[in-house]
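Start from the sequences, fold in the hints, and give me the full structure.
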Amino acid sequence: MKRTFDTGNAAITEGAIRAGCSLFAGYPITPATEIAENMSRRLPQVGGYYLQAEDENAALHICNGGAIGGLKAMTATSGPGFILFADAFGWAVSSEVPVVIVNSQRVGPVSGITGAPGQGEFYLSRYLTHGGNFETIVLAPSSVQEAFRLTVRAFYLAERFRTPVIVLADQMVTDGWETLELPESEAEFTAMGLEVVPRRIHPGPEFYPASDAIDIPPVVLGHNTGAACSDWTPTDRGHDTEDVTWQHKHAWRLIHKIRNHRELIDEAEEWFLDDDPDVILVAYGTPSRVVQSAVRAARREGLRVGGIRLISLWPFQDRMFSRTATYLTVELNWDGQLVREVQRAAAAGSSVHFWGRCGELPSSGELLETVQKLLKNEPLERDGWRTEKW
Amino acid sequence: MSDLLEKYVRPEKNPGTACKGCGLRLAHRRVLEAIDELGLGQGDVVWGTGIGCSGRQTFVTWKGDTFAGTHGRVYAMATGLRLALPPEKRLILTVGDGDAFTIGFLHLLNAARRNVDMTVVVFDNLGYQSTGGQYGVTTPLGSRTDSSPYGAWEPNWTQGGFDVLRILKEAGATFLARHTVLQGHEPVESLKRAIRNPGFSLVQLIYPCVTHYGVQALGTRDPAAIYDWFRERTAGLIEGDPGDRFTTGILHDASGSRVEFSAAMRDFVASVQKGERHV
Ligand code: SF4
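Chains as they are written, first to last, in the numbering used here: chain A, -4 to 385; chain B, 6 to 284.
Watch out, some of these pointers could steer you wrong.
[Said to hold, decoys possible] Cross-link-like lysine-lysine pairs, in silico, DSSO-like; alpha carbons within 30 Å at most:
#1 Lys244/A to Lys18/B
#2 Lys197/B to Lys174/B
#3 Lys279/B to Lys(-3)/A
#4 Lys244/A to Lys68/B
None of these hints come from the bench; they were simulated from the model.
Structure below.
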C-alpha cells in the first residue's frame, strides 16, 4: 500500500486510472480543474487520452462518443458545468452508456462562489436531464480516501448497470488534503473491496431488451455488430420508434434495472442508532464529518443522539429512515434539499428539521446547540436571513 | 439503385421517412454511391446522424454500426468515438443544416480545428423543415417561411459576402465541397474525396424540400417546378459575390495536409509512454 498525503482531486484521478479509465474530456472549472490537470499528466502515462473540450456539453458528449467506441470515460466539473451536461447525460442514460461524471459542488446558483463548498445539486444530480422516465446512480464521498474508493466504484457500477454514474463530491472533498492509501497490487486492490468490470461488447441484435437485467454488455460501435444507439426511443434492436409500448418498455428498463438491484448500490454509515435515539442527524459529503463529531459530543453529554451518513444518494435510501424519530438534516445550502427526501421517507410520526449553510461548514457546537433545542422541543427558527424558518 | 439499397440499407428502414418528392432520398443515395464506388463494405463505415429530416431519414438505415447524437453534438461525440475506432474505419455523419451550422457550429469548428477524421455530410434543406418550415442560416434572403412571413431578412451564412464553408476552412477543415443533389455524379466524386481524406471533411449537399420550402417560399409543391428553380440557381465556383446563387464545387482540398487528431493523440501518448516527454 502506498501511503501519501494528497487531495481529493488526486484521489479521484488515481481511482479513475485504476478503474481502467482511458478517456477524460473536460473543461477547466474551479474547484474541479485539478482533476483535469491530474488527468492530463497521468492518462498519457497509462496509454489513455486527455482532451480539453470546447465546453462541458462537448466534454460529456466526447466521453459518450469514446464510450460507445469501447473506452471507459470520465469527466469532472462543478455546478456551472454540471448544468451543461443535461443534454449528454440524457443521451447516456437513454442509450445506456457507461460513463462517470464527477461534480465538485461549490456555492450557487450560477457562478456563485467558486472556491467554497456547497451542496446545491442534490436534486439536479437525480434529474440531470429532462423528460423523466429514468433512475440515477449517485455516490457521495466525504473524504479523500473515500473519493478514491467511490470513483473506482462508480466505474464498476457504470459497467454493470450500463448507465452514467455521478460522483457528487464537494469542494472540501476535492480540494482537501488528507492521508490517501493507494493499492499497489491486485491483491491490495481487492482487499480494499474494490472491483473492476472490463468493458464488454454487446453482440447484438437485441441491444435494448425489455428487461430489468444488469450485466448486459453495452452497445459498442466498430465491431460490425449492427450496433445502434441514439437519442430516440429504441426498439430492442435500437431502431427509433414513436410507439408508446416500446417507450414504456424502455422507460421500465431504465428505471427498474436500477431500482430492482439497489442492494448493489445502497451504502450508508450509521452512528449510535441501536438505542432508538431521540434525534438523528442526517448528512452526506463533508458536513457528515462534523455531524459525526457532533453526535459523539452529544453522546458524551448523555444525549440519545444518532447519525446517518448517506454514501449512495440516489436511488434514495428510504429504508434508512424507517425509525420514528426527530431527524435533522445538515446541508451546505440554504434552501433545504436532502431534508425534502427525508421528510418523504421518514416513518410516520417523525418530525424532520433542517440545518443549512453555504460556503462553510457548521461547527460541532452549533449542531449540538440545535440538537438540544430539538430535544427541548424549542423552535429552531431565528429571525431574518441568518437562519430563517424553513 | 435498388442493388445499393439491398447492399447497405436495412430492409425495414427502406424507403425511409422523407416526404414524397423530397430530394432527401436522392441525397442519401449519393452517399451510398460514394461508399460503393470506394469499395467500402458495411463493416468499414460507422454512420452517425443528427436529428430533423436528415436524421430521421438516415438513422439506423446503415446495415453496419450506427448512432444518432443529440441535436448539434454529434461532432463532439464523433471526436470521442474517433479516438476509440481503428483509423481505417470511416466515420460518416449525415446531418442537417441547422445541426451543423447553428446549434452544433461550435463543435463543428472544434472538430475542424483538431482535424478529426470524419466526413460530415450536411443535407441542406434551406432551413428548419422537420419543424414545419422556419428560416435558418442557409435560407435564401427574402424567403417566406413560417417564421419569416415577411421574407427572411436576418443575415445568413451563404449570401452577402459570407460563406460558412470559408469559416470552416479558416478553422482547419481539410476538405470542403458544396453541391446540389441534382448535379448528377459531381457530388458523388466530392463525397468520395471527402471520405478518403484522413481528416475533417464536410460536404454540403443542398436538396429541395417540397413540403415546406417549396410551398412556403416558392409557392409550389410540384417537384418538377422546385427542381427547376434549384437548377436555375446552381452555379460553379464564383469569385466574389455569388448573389443568390448556390456556388458549387470543391472549395478546399487539402486532404492529408494536416496531421489527423486521433493519430496525433496516439503519437503523443506513445511518446509519453516511451519517456520522450516529461512534465
Ligand atoms: S419536410 Fe421537406 S425536407 Fe423534410 S422530408 Fe419533407 S420534403 Fe423533405
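Of the numbered hints stated earlier in the document, which are not met by this structure? Violated hints: none at all, because every hint is consistent with the structure.
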